[in-house]
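Heads up, the sequence shown is in the UniProt record's numbering, so the first residue is 1 and it goes up one at a time.
None of these hints come from the bench; they were simulated from the model.
On a predicted model such as this, the values are computed, not experimentally measured, just so you know.
Note that the Cβ used here is the ideal one computed from N, Cα and C, for glycine as well.
Possibly wrong hints are sitting among the right ones.
[Stated by the list, open to error] Straight line, CA to CA, 30 Å or less: simulated DSS-like cross-link-like pairs of lysine-lysine:
{"id": "1", "residue 1": "Lys210", "residue 2": "Lys183"}
{"id": "2", "residue 1": "Lys227", "residue 2": "Lys205"}
{"id": "3", "residue 1": "Lys205", "residue 2": "Lys183"}
{"id": "4", "residue 1": "Lys183", "residue 2": "Lys227"}
{"id": "5", "residue 1": "Lys210", "residue 2": "Lys227"}
[Said to hold, decoys possible] Here are the in silico distance ranges between beta carbons for each label pair:
{"id": "6", "residue 1": "Ala137", "residue 2": "Ile38", "range": "36 to 42 Å"}
{"id": "7", "residue 1": "Glu90", "residue 2": "Arg162", "range": "23 to 29 Å"}
{"id": "8", "residue 1": "Ala36", "residue 2": "His160", "range": "27 to 33 Å"}
{"id": "9", "residue 1": "Gly86", "residue 2": "Lys210", "range": "22 to 28 Å"}
{"id": "10", "residue 1": "His160", "residue 2": "Gly86", "range": "23 to 29 Å"}
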Amino acid sequence: GSIINCTTYFEDYILNPINNNLVLALDEVDRVFQYADISQGFFAMLRSWHEEAKTVEIWEKLRLAVVHSTENYGSLDINQSPFNVGLVVELTEFAPEQIEDLAQRHQLDYNPIQIQQLMSMFGGHPYLIRLALYHLAIGNITLENLLQTAPTNAGIYEEHLRRFLHIFQVNSSLAEAFMQVVKATEPVDIETIQAYQLYSMGLVKRVGDKLVPRCQLYQQYFREHLKI
C-alpha cells in the first residue's frame, strides 16, 4: 500500500543517491493524531524506518528528529509508534523561580504567595502555566477567578481537558486506570502499559513505581467529569 510505496520511494530516490547522513526533522507531528485513518499507519512507518536504520546499511544514513505533544498517547498503539524509542528529550516542569521569571516577562508582578497559588493548581506544567499567564497578562481574567474556574468547563482549560475526555471515551480501560489515580489518597500501582500512556499524556507523576495526579487541575476536573 501507500506505506510500502512511500518507504520504497524514500529509499530509492532520497537515501540511495546521497553519501552523507540525512536528518529528517518533523515538527508538531501530533497534528496527525486527529486523522485516525492515517495516523497509526504513518507512525508505524516512522517506527519501521527507525528499526531499518539499525540493520540496513542504506537506512543508517537517516536520522529522525520528531517533535510532538504527548497528550494523545492514550489513543496510540505504542508498539508501532516511534515515540518510545530513540533518545527522548523531555520538557521538565517549571520551578517556582522560573514561573516568577515567566510572569515578569508577561509584565505580571506576582509575589511568592501568588506563584505558589499557581503551582498548587498547575504544578510546574509548562503549558498550563504559560496559558494561565497569557490570559492574566491580557487582563481578561483575575488570578482568583482563573483558579476558581480552571477545573470546570467554564475555565480557560476546557478545550485542553475535553481532548483528554475524548481519549478516555474511546479507551475505557485507560479511563478506569486513571480514575483509580484521581480518586486515591495515596500513590497507585497501575498496569505498566497504562501507566506509560498516562505518564506520556502528562496526566500523572511517578512516585517510585506508582502514580499520582500530576496536578490539582487534573485531579479535580476528572474526579468530577470522568464517568465510568
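The hints, checked one at a time:
no., hint, result
1, Lys210 / Lys183, "holds, 14 Å"
2, Lys227 / Lys205, "holds, 22 Å"
3, Lys205 / Lys183, "holds, 15 Å"
4, Lys183 / Lys227, "holds, 12 Å"
5, Lys210 / Lys227, "holds, 23 Å"
6, Ala137 / Ile38: 36 to 42 Å, "holds, 38 Å"
7, Glu90 / Arg162: 23 to 29 Å, "holds, 25 Å"
8, Ala36 / His160: 27 to 33 Å, "violated, 20 Å"
9, Gly86 / Lys210: 22 to 28 Å, "holds, 27 Å"
10, His160 / Gly86: 23 to 29 Å, "holds, 27 Å"
Checked against the numbered hints given earlier, the structure breaks only hint 8 and satisfies all the rest.
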